[in-house]
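Keeping their order, the protein sequence lines are chains A and B.
For the first sequence, position 114 matches number 165 in my numbering, and the numbering has no gaps at all.
For the second sequence, position 143 matches number 270 in my numbering, and the numbering has no gaps at all.
Don't read these hints as lab results, they were simulated from the structure.
Take the hints with a grain of salt, since some may be wrong.
Stated by the list, open to error - Dumping the calculated SDA-like pairs for lysine to any residue here, alpha-carbon to alpha-carbon at most 20 Å:
#, chain 1, residue 1, chain 2, residue 2
1, B, K257, B, Y199
2, A, K141, B, R175
3, A, K177, B, K178
4, A, K178, B, P285
5, A, K142, B, P285
6, A, K177, B, F187
7, B, K178, A, N203
8, A, K142, B, R175
9, A, K148, A, R175
10, B, K188, A, L143
Just so it is clear, the structure is predicted and the values come from calculations on it, not from any experiment.
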Amino acid sequence: MIKTQTATPGSAKAENTDQVIEITNLRKGFGTEDVLTNVSLKLYNGENLVVLGKSGSGKSVLIKCIVRLLDPDDGTINVLGEDVCSCDHKKLSELRKKIGFLFQSGALYDSMTVRQNLEFPLRRIKKDLNKNEVDEKIKEVLEHVGLSDTLNKMPSQLSGGMRKRISLARTLVVDPLIMLYDEPTTGLDPVTSDEISALINEVKKKYKTSSIIITHDIECARTTADRIIMLLEGEVYLEGELEKFENSTDPSIKSFFK
Amino acid sequence: MEKYKHVIKIKKIAAEQSIRLVEKTISKTAEAGNFLTNIADASLFIGRVAKETFSRNFEFKEFLRQCFQIGYKTLPLISVTGIIMGLVLTIQARPALLSFGAVSLLPGMVAVSLIREMGPVITALICAGKIGSGMGAELGSMRVSEQIDAMEVSSANPMKFLVVTRVLAATLMIPILVIYADALGILGCWGGANIKGDVSFVLFFSQAFSHIGFIDFLPALIKTFFFGAVIGFVGCYKGYTAGRGTESVGIAANSAVVLSSLLVIIVDLIAVQITDML
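Let the sequences and hints guide you as you build the complete structure.
So, in structure tokens, the structure goes:
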């Protein structure tokens, strides 16, 4: 990890200035259109960083660049001291083992049961675990997300909120250091959204993860954020703590926080 | 000024035509570029699959599951098709052979045509429809619903887990399905021969197999491995590289069937030419 004294992270982890992710001048476009023009941000150890922005502002593109599901056109992305853009396949694979990615749709494997969904990454990343240890780990994460009774169910038998929880369990089963949440509350009712937001905070506490939460759900941002970044037209428009955003008189910010 | 009017008009028409020509040239060039890009993409895909096939940590369990999906679950369809193939060939050929007084050649003729050509090609075309479209749609929907991305970020190798297992299972299962369809086809032929005649089972099969040589069976069997590989590659390629919208799932499934059927026929043509040279 890179030690820095230059930036001040959110209040929750103000004492801890270890950077786990550093993005500098990131640019990414599709065809002739630039989605991200010049994005720079830092994620500090143990903090929840919420990235806000309108639909199409490039929030999801940003975190997909971090795990290199998309290749950036320009700029650097440093994750846990490794330059993601110049990583070879083997290094990238090792780095991805330390990152959990919660997809907007959940992305559970349709043809597998909940148990097989959880086993899939576990058996490939933690190859030294025996059957009992695998079973224990699966039981532990399912208990954590409150869905112990779904072990043998298929994803099609689960509700939207349950799928999100199982998807979260699948990422947690391999003990990631960094969590990337892509719109975790989208498409859920307010009660389930609150539950997911609370779960994100529990994950941070229990698994000591550092997280980037992509959302346009203000309630989710209020519950989970240590620090917020707002993206507008492919650039970081405002960065700071929740109060700074809520007290802002800028119309672009106010329209979000009204 | 009046006398130059027609010159101006001709110049205007010529300018419009040259603009149209330039536009057409640009669009055709773009089409040709896309075509070449697709070929390059497909070649890279085949190269990656070949590389992953021989790398460590083969997904054997998934391979067996795919063999079951491709082989066992296609059996009912292949059974019906095989029997009907034999029946139809017999019903069509019998009157013609009867007019030459050569009905005794019927078992041999049907067996040779089934084993050499009809069995492999028809079975492969049916598999292209069932298996190719299934692979295209399944992988396409996995791409759309970000399941392939989820595998990638969890450090699993989707190419190895999804593609290599399917291509190998198709390559191995289609020859087995073809042999099974051939056997049922000859059985159907015996049934057809007994509709208007009375041939014993033993006599029919001894006559049928007396006409089949090594040269009939082996090249036909070898080409079925290529049919399987083509169906597997095309189905997986179309699904794996599907676009992001739900519409792309349909496009992937459809184009997998069309392209793999076409390639089966082309591979058959090449195989027939090579066999003919032997």
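Going through the hints against the structure:
1. Distance hint between K257 (chain B) and Y199 (chain B) is fulfilled; the C-alpha atoms sit about 13 Å from each other, no more than 20 Å.
2. Restraint check for K141 (chain A) and R175 (chain B): the C-alpha separation of about 15 Å stays at or below 20 Å, so the hint holds.
3. For the hint pairing K177 (chain A) with K178 (chain B), the CA-to-CA distance comes to about 24 Å; that exceeds 20 Å, so the pair is violated.
4. For a cut-off of 20 Å, the pair hint linking K178 (chain A) to P285 (chain B) stands: about 17 Å separates their Cα positions.
5. Our distance criterion of 20 Å between C-alpha atoms is met by K142 (chain A) and P285 (chain B), whose separation comes to about 17 Å.
6. Only pairs whose Cα atoms come within 20 Å are accepted, and K177 (chain A) paired with F187 (chain B) is accepted, the gap being roughly 18 Å.
7. Only pairs whose Cα atoms come within 20 Å are accepted, and K178 (chain B) paired with N203 (chain A) is rejected, the gap being roughly 35 Å.
8. Taking the CA atoms of K142 (chain A) and R175 (chain B), the gap is about 18 Å. The hint holds against a cut of 20 Å.
9. A threshold of 20 Å between alpha carbons decides the hint, and for K148 (chain A) with R175 (chain A) the separation of about 10 Å falls inside it, so the pair holds.
10. For the given pair, K188 (chain B) sits about 26 Å from L143 (chain A) by alpha-carbon distance, which is inconsistent with the 20 Å threshold.
Hint check: violations occur at hints 3, 7, 10; the rest are consistent with the structure.
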